[in-house]
Amino acid sequence: MVSEKKISSILHHKSLHSLEDSYINRELSWIAFNQRVLDEANNIKHPILENLKFLSISGSNLDEFYMVRVAGLHAQVDEGVNIKSSDGMMPQEQLTEVNKKANLLMRNQQTTWKNIKKQMSDNNIHILSKSSLNFKEKEQCAEYFEANVLPVLTPLAIDPAHPFPFVGNLGLVLSVQLKHKKNNKKRNALLPLPTILPRFIEIENTKDTLKMIPLEEMLMLFSNKIFDGYDFLGGGLFRVIRDSDVEFQEEAEDLVISFQKQLRSRRRGKVVRLKIDKNCPKIIKNMIIDSLEVNSEDIIEIDGIIGVSSLIEIYNAGPKRLCFKKFEARFPERIKDAGDNIFKAIKNKDLVVHHPYESFDVVVDFLKQAAKDPNVVAIKQTLYRTKTDRSPIIESLIKAAEAGKSVTAVVELKARFQEEANIKLSQDLEKAGVHVVYGVVDLKTHAKVSLVVRRESKKLNTYVHFGTGNYHPTTAKIYTDLSLFTCNPDYAIDASRFFNMVTGHNDTDDWNLLEAAPKGLRKKLLGLIDEEIENAKLGKPSGIWFKCNAIVDPVIIKALYKASAYGVKIDLIIRGVCCLKAGVPNLSENIRVKSIIGRFLEHGRIYCFAAGRKMPSSKNKVFISSADLMQRNFDRRVELLIPIQNHTVHAQILKQIMVVSLNDINQSWEMDGQGNYNRIKYDKTKISAHEYFINNPSLSGRGQDLNKNRPEVIMLSDQ
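Numbering (this note's numbering), first residue to last: 1326 to 2044.
Do not take every clue at face value.
To be verified - List of simulated lysine to any residue pairs, SDA-like, C-alpha gap at most 20 Å:
(1) 1425 x 1451
(2) 1844 x 1854
(3) 1426 x 1550
(4) 1724 x 1780
(5) 1939 x 1972
(6) 1651 x 2021
(7) 1550 x 1493
If you are wondering where the hints come from, they were derived from the structure by calculation, not from laboratory data.
With the hints as constraints, model all of the structure from the sequences given.
In structure tokens, the structure reads:
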């Protein structure tokens, strides 16, 4: 057992002036995560179009990062905020470091694009330029241009009579330099790329060959048809990223009207990044920079493709033979055993569904059956993110309301970049008679809960779904999440209290099983960590396993450092941002951090504690949650922590999902003592978590089929 003297020395280490020295900057940790995503674009084990998809994802990730996180740093600098981050950096220092790291990331993106482009060409996917077209291809382009492009173009002259126009967020604009054919007079103009047009236009798409041309190449090719009487001298694309982290005035009298106004203002946010083609003529480049009033450190010249996120269009058009082999999500056998009656299956035993390996149709069918079932009298549902078009979940809620059932929907208007869609769906729901509640003022309702009240044998029974992910059928195909279904009365009472808290703004803290943020979730986790410390002091088995998207909260990090100092073995599977330093002598030597990046986006939140028994054990404490370990989740969101009580569900989450994830080699990165991530060497004989879950059935959903179709058992390797 560790001596108290040594513990005191560790917790008050002379070299640690504060948590600053033991904390990784959040923004830099995020860039490191996105670099791991980009590295998957260079993974030779992936099909080439999947490499392209990872490249595109790294681009869209970076766009959002600048629109929100970097924009926030800019706002702090502009307002003269001189508050240090948890790691001791001032806003301007963070901006400088972020731009330095992001510039390197963007150069890596361009190198990756050139490599992928060559490999795609080897596989008969060709991205053409205006100079590489043959005669037939030029004719095809001309036909497409005349019919689809020219009618929607808006060429903009730039001269004293025509000032520089407003360029929208993420807008791609072709800047051109022209010369009059008769008087040789030069002029400048802009051509915004219409957002209704694809970025990459198909020239040929057959079983064997795909040929596409970027829209900007087509515009330059036919510039004489756009600017009659002028010759094209040169030009280049540029793209602006604007501040999109709008400060919503939640105390406004009418939330919906307030949000609509704020969404309009979003389109005119400050420019926080300018990407411009390296080959753009200098005179035009200077004009753009001066007109947009961009600081030099916020400008990057691109030698390659601008708008990396748009490469997803090539992926979508490409042949499926160059993508991951398709797999069919399993549908739980236990529901089939119950004659596809979900309520009967849940009543038999609690059930957890592991997405995307098991179908999200279970969640959809839960609500579809509730809408049609004459015995169902009430449905309550949280909606944070869902499909922008009419989702089957929304359809079910509308049908239930139209059938006379009492239906309540808690719609979170503040779901970032989903606000406009959520306003529309809330209006559709209200028209159908659904009681729509816009969450809690000053908080985001991020918890994922669905509740169905059913009349059975002259009494009311409540069925509940708790999720770690959103009610979004599309993302459920690529996000790894958990759906717990139960009709256990203790869960049901808590779920009812949760909805009463959110809709009635009650200050609920009387829970049977659950714990909620913002009031008690952090306190609950700290208490569980303290229990592990006490067990370690007494020489009992101790341990902590966490799996989540991010760990940022300094209070939780400090508690984990303390637990490590007392000898508690801690394994953290953190996909994205991790501000905790692992494996540092006399600080975190008992903490291991790994990140799993692969075919699916790791999204489920699982928190496990030894509770005096060696891990994994049926006596360990296991929780799932909607919350990551971040200040916003603890202090500014309505979140839930759900304990797992059913034996089979407990075994699936702890001994299957967590054990396999901890054993993963072929998709994992491990943090070293300096906070850097190193990819674990690939070994075809070792475990890939995603491949395991594709090929192995889960425990709790198998029912009678489990007797003949058991999953491969994976033992925990030495940590």
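Structure-based check of all given hints:
Distance check on the hinted pair: residue 1425 and residue 1451 sit about 33 Å apart at the alpha-carbon level, beyond 20 Å; violated. Proposed proximity of residue 1844 and residue 1854 is supported: the alpha carbons are some 18 Å apart, at most 20 Å. Annotation: proposed proximity of residue 1426 to residue 1550 is violated, straight-line Cα distance about 42 Å (limit 20 Å). With a C-alpha separation of about 19 Å, the suggested pair residue 1724 and residue 1780 falls inside the 20 Å cut-off, and the hint holds.
Of the supplied pair hints, the one linking residue 1939 and residue 1972 holds, its CA atoms being roughly 17 Å apart against a limit of 20 Å. For the hint pairing residue 1651 with residue 2021, the CA-to-CA distance comes to about 16 Å; that is within 20 Å, so the pair holds. Restraint check for residue 1550 and residue 1493: not satisfied, since their Cα atoms lie roughly 25 Å apart, outside the 20 Å limit.
In terms of the numbered hints stated before, the structure departs from hints 1, 3 and 7, listed from lowest to highest.
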